[in-house]
Every structure is written in structure tokens, then in C-alpha cells.
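**Q** Sequence:
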Amino acid sequence: MFAELLLAATFQVGPFYEQRPADDYLAVRPFYAHEGDVDDVLWPVFTSHRDWWRFCFLFHYQSQDDGGWQFDFMPLWFNGHKPQRGESAAEDYWGLFPIYGHHPHLLLMYDLDFALWPVWTRYKMPRPSEGKWLTTNTVLFPFFSWRDDGAWSFWPFYGINHQRESDHQYALWPIVTWASYREDRDTAGEGNSWMVWPLYGQVRRAREHQDLFIPPFFSWTETYSKSWAAQGNSAPETRLRCPWPIFEWESNARRSRLSIWPLYERVVWRSYNKGDEAGTVTRFGWKLVELYDDETRVFPFWTSRKDDSYFRLWPFWESEIRKDGSSKSRLLALFPMRWVPSVDRNWSKFWTFYEKESNPVCTYHSLLWGIIRWRTVK
Numbered sequence: 320m321f322a323e324l325l326l327a328a329t330f331q332v333g334p335f336y337e338q339r340p341a342d343d344y345l346a347v348r349p350f351y352a353h354e355g356d357v358d359d360v361l362w363p364v365f366t367s368h369r370d371w372w373r374f375c376f377l378f379h380y381q382s383q384d385d386g387g388w389q390f391d392f393m394p395l396w397f398n399g400h401k402p403q404r405g406e407s408a409a410e411d412y413w414g415l416f417p418i419y420g421h422h423p424h425l426l427l428m429y430d431l432d433f434a435l436w437p438v439w440t441r442y443k444m445p446r447p448s449e450g451k452w453l454t455t456n457t458v459l460f461p462f463f464s465w466r467d468d469g470a471w472s473f474w475p476f477y478g479i480n481h482q483r484e485s486d487h488q489y490a491l492w493p494i495v496t497w498a499s500y501r502e503d504r505d506t507a508g509e510g511n512s513w514m515v516w517p518l519y520g521q522v523r524r525a526r527e528h529q530d531l532f533i534p535p536f537f538s539w540t541e542t543y544s545k546s547w548a549a550q551g552n553s554a555p556e557t558r559l560r561c562p563w564p565i566f567e568w569e570s571n572a573r574r575s576r577l578s579i580w581p582l583y584e585r586v587v588w589r590s591y592n593k594g595d596e597a598g599t600v601t602r603f604g605w606k607l608v609e610l611y612d613d614e615t616r617v618f619p620f621w622t623s624r625k626d627d628s629y630f631r632l633w634p635f636w637e638s639e640i641r642k643d644g645s646s647k648s649r650l651l652a653l654f655p656m657r658w659v660p661s662v663d664r665n666w667s668k669f670w671t672f673y674e675k676e677s678n679p680v681c682t683y684h685s686l687l688w689g690i691i692r693w694r695t696v697k
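Each position in the sequence shown, counted from 1, maps to that position plus 319 in this note's numbering.
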């Protein structure tokens, strides 16, 4: 007992200092924390990892094992190096937004170029189904744009967009829109759709019929899928919104759902092949109370799993049982999200007065930030 108290005094001083050499862990709260490959300084002001760092969520640097790297001061400046990958040549890139820039991959765009944005922009996007890349140009975004597959737009007056299995057009967007569809195994099949917003719209395809009244508030949808028929259903899959988002009801191959927002929601999931019940959830007050088959949540106060693997009574108590049979618990648990590593390293010790960690052999207790520690043998 004396040795353990001495060890606590050596490696922990209240909530301010903690060191665990075996875990490569050091914390001088709230100024600095280190755990493995992660370092925090006045988190969330600065965080660094083995191959990246971030400052104030504005400055960000990341390196890669193949020699690539990138630095960002969002949204004004970026620069970096992209190494050669396959047939793609190595390149250095940079950008000063909105003056000029080139970026090899930003969000969903590849080989992005811009000058005096929104005056001019050009980028590529892949279309894997056709094995090709499409280049889009915009002038005075979002008013003028064109793509090398024939799609173009003069927003909001007229535009046409070509996709793998469909062609979409609009006039005086969003008032008048229409589309034609070709047969495709992954969609609802051949047909067409149109809408005059906000009055009426309809979809008539091989495996989908939909009518929309004062869209998107009132709609009735019938769909037909192979998986739904394989479950022994002759009637179509259906969905009713009347009005959205207050009342929704649907029944399909994946689930049946009734929602009276924000008061009540009931979802029954089905197995994809046989249609057997695979799980349920009942919600009250939107997502304030959630009743799953194996878990109960009352946000943010209560979370309990039926297998006892996790329990939270916010802001007082939190406990978790790991897969190896070990467990950990603590009092208090002020942060509303469960076991966030960065919060645990830098802040949670200030309000955690008691901690307990158990394994199949014994249980370790820590009271008042480790000033008092003891062990009980099972």
C-alpha cells in the first residue's frame, strides 16, 4: 500500500501532472500532453501526430511515407508536393485563394485550377462506370459552366447534366426540372421525371412511381426491387410523406419506418436476403430518447447497453467493459461524448474525482486525482 502511494506521488500530482512510462504517456495539464505518436499543446489550439500537425484548426501540415506533403492556412494559402504515383507525374503545387492556385486533389475534385475565383475554375472528376475523366470549366461561378461530355449550364435560366444512366435538365431553376432515364441494373430503370415547383412533380420509371404535391411536403412513392420480391412480397415498396418532415411512413426491403416528428419514430430493420427482423429502434423527442434492442440512450444523461459493456449517467458516472474482460469507470463524466482521447488527455482529469480500472485478477482505484490509490484482489 505504501509503495503504491509513493508511486502515485512520484508520477501524478493532482490533475496537473501525470506520467505513465509504460504507456509512453505524459501530461502537464492543461498546457501539454503526450501519448504515443500524439502531442497536444493547449488542446485544441495545437495537436501533432506522427505525420501531421494542426494549429487553431487554421494551419495544417501533413506528410506521407512516399515523400508527399502539404501545408494549409485555410482558406487563404496552400502548398505541397505530390510524388509520382503510377502514371501520374510528381509535381509541386501551391495556391493563394482567390488569386490563383493549382491543387492535385481537393475534396472530390482532381487537378483543380482557379484564377480570381469565382471568375474561372477548372477541375476533373472521375466517372468509374465509363472508365474516363470529365473536365469541368466554370466562369463567374455558379452562373456559367460546361463539361467535355456536353453538359453545360447558364444558371438559373437553363442547364443540362449528363450522368451514366440519365440526363437532367432545368429551366428557371428550381421552378422547372425534368429528366430522362435509361435502363440500368443499379437504379429504378427506364423512364422520366418532371417537376414544376412548388406545385407538382412526378416520377415514372420501370421500378419507381412517385407523385409529389407541393414538393417536398407531400409525396407517395412505390418502388419495386429484386430483393423485396425475393422476400416473398408481391406488393410494391411504399413511402408516404404527409406532410414532410412531420409524418413519414415507409416499408421496403431494408426497413419499415414510422415517424411523427419530432415526437416519435419506430424503425424495424430487415435482413437483406430473407426479410427477417434484424433490429429495431424506438425514438421519442426526435433523438432525445432512443431504445435499441441492445442499448438505451437518454441524451445526454443516460446510456446503457444490455450486455453491460457501456453505461453513462451524465454528468456523474461513466463505465465501459472491454472485449478482453477488463473495465474502466469514473466519476464525474462532464463531457457529453464517450471516451474522447484528446479530452481525456488534457481536460477530463480536472473533473474526474474517482477512477476504477479492473482486470480478471484485481481492481485498481484512484481517488482525488491519484493522491489516494489502492488495489483490491478478486
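Don't read these hints as lab results, they were simulated from the structure.
One should not assume that every hint holds.
Stated by the list, open to error - No farther apart than 30 Å at their CA atoms in a straight line, the calculated lysine-lysine pairs in the BS3-like style are these:
(1) 697 x 642
(2) 675 x 647
(3) 647 x 625
The structure displayed is predicted, hence computed values, not measured ones.
**Q** Of the hints given before, which are not true for this structure?
**A** The structure conflicts with no hint, since it agrees with every one listed earlier.
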